[in-house]
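Participant: Based on these hints, arrange chain W on the given structure of chain A.
Number of protein chains: 2
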Amino acid sequence: MLQYQEPLDLVFQALADPARRGMVERLCRGPASVSDLAEPLAMSLSAVVQHLQVLETSGLVRSVKIGRVRTCRMEPKALRGIEDWVARRRATWERRLDCLGEFLAAQSEKSSTRRKS
Amino acid sequence: MLQYQEPLDLVFQALADPARRGMVERLCRGPASVSDLAEPLAMSLSAVVQHLQVLETSGLVRSVKIGRVRTCRMEPKALRGIEDWVARRRATWERRLDCLGEFLAAQSEKSSTRRKS
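Chains as they are written, first to last, in my numbering: chain A, 86 to 202; chain W, 86 to 202.
Just chain A, with the same shape it has in the complex:
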């Protein structure tokens, strides 16, 4: 059964593998051929192509084949998606800590007023 997956699912899934994260790291430094991407990895070229397909499906990478060389490039927009998601969670978390801080400050002020009166 084909299951619909949200774009964020695919990006997080693509980055859950150290080889694919390595490929993303390499592509952030500039475009590269499939052989360039394969060079530091201890795996077959067909395994690299499979990882590349996962990255392309997630929207993190796109590639163009000219002649016999496939050149891959980063699509930083997809990375921004997860950056935004995490930033929103952090904002919620920090707002919660602020509220907790204000609550505790108010509580301690109340109890010191009570002690004085």
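It should be emphasised that the hints constitute simulated quantities derived from the structure, not laboratory data.
Same chains, same names: a pair is fine if it fits in one copy or spans any two.
Subject to a maximum C-alpha distance of 25 angstroms in a straight line, what follows is the list of computed SDA-like cross-link-like pairs (lysine to any residue):
no.: 1; residue 1: Lys162; residue 2: Leu93
no.: 2; residue 1: Lys162; residue 2: Ala176
no.: 3; residue 1: Lys162; residue 2: Arg106
no.: 4; residue 1: Lys150; residue 2: Leu95
Small disclaimer: the values here were computed from a predicted structure and weren't measured.
Facilitator: Same frame as chain A, but now just chain W:
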């Protein structure tokens, strides 16, 4: 075969599911019981517990059982891990664009000097 997985693999994997991301969103607003987490999700309690185990293994969430109630809390340190990873990629990417900009500016200066002479 048991395969060693890097902490980042587990965090990205944990967040590659919309139900688990929903649970993280909820826990960023404050601690919650398993039933609280299950409430908005259209799935069985045992499925929720399985998702919770994935979140706990990744280090994003921890839970404590007191009496019959298991209370879950966020561990924001694990989120910071992926935030840092993405920020480092963005820095590499932006440095590359700066270099490219400088290169193009130098090229256009060279060609305008050539035209003038």
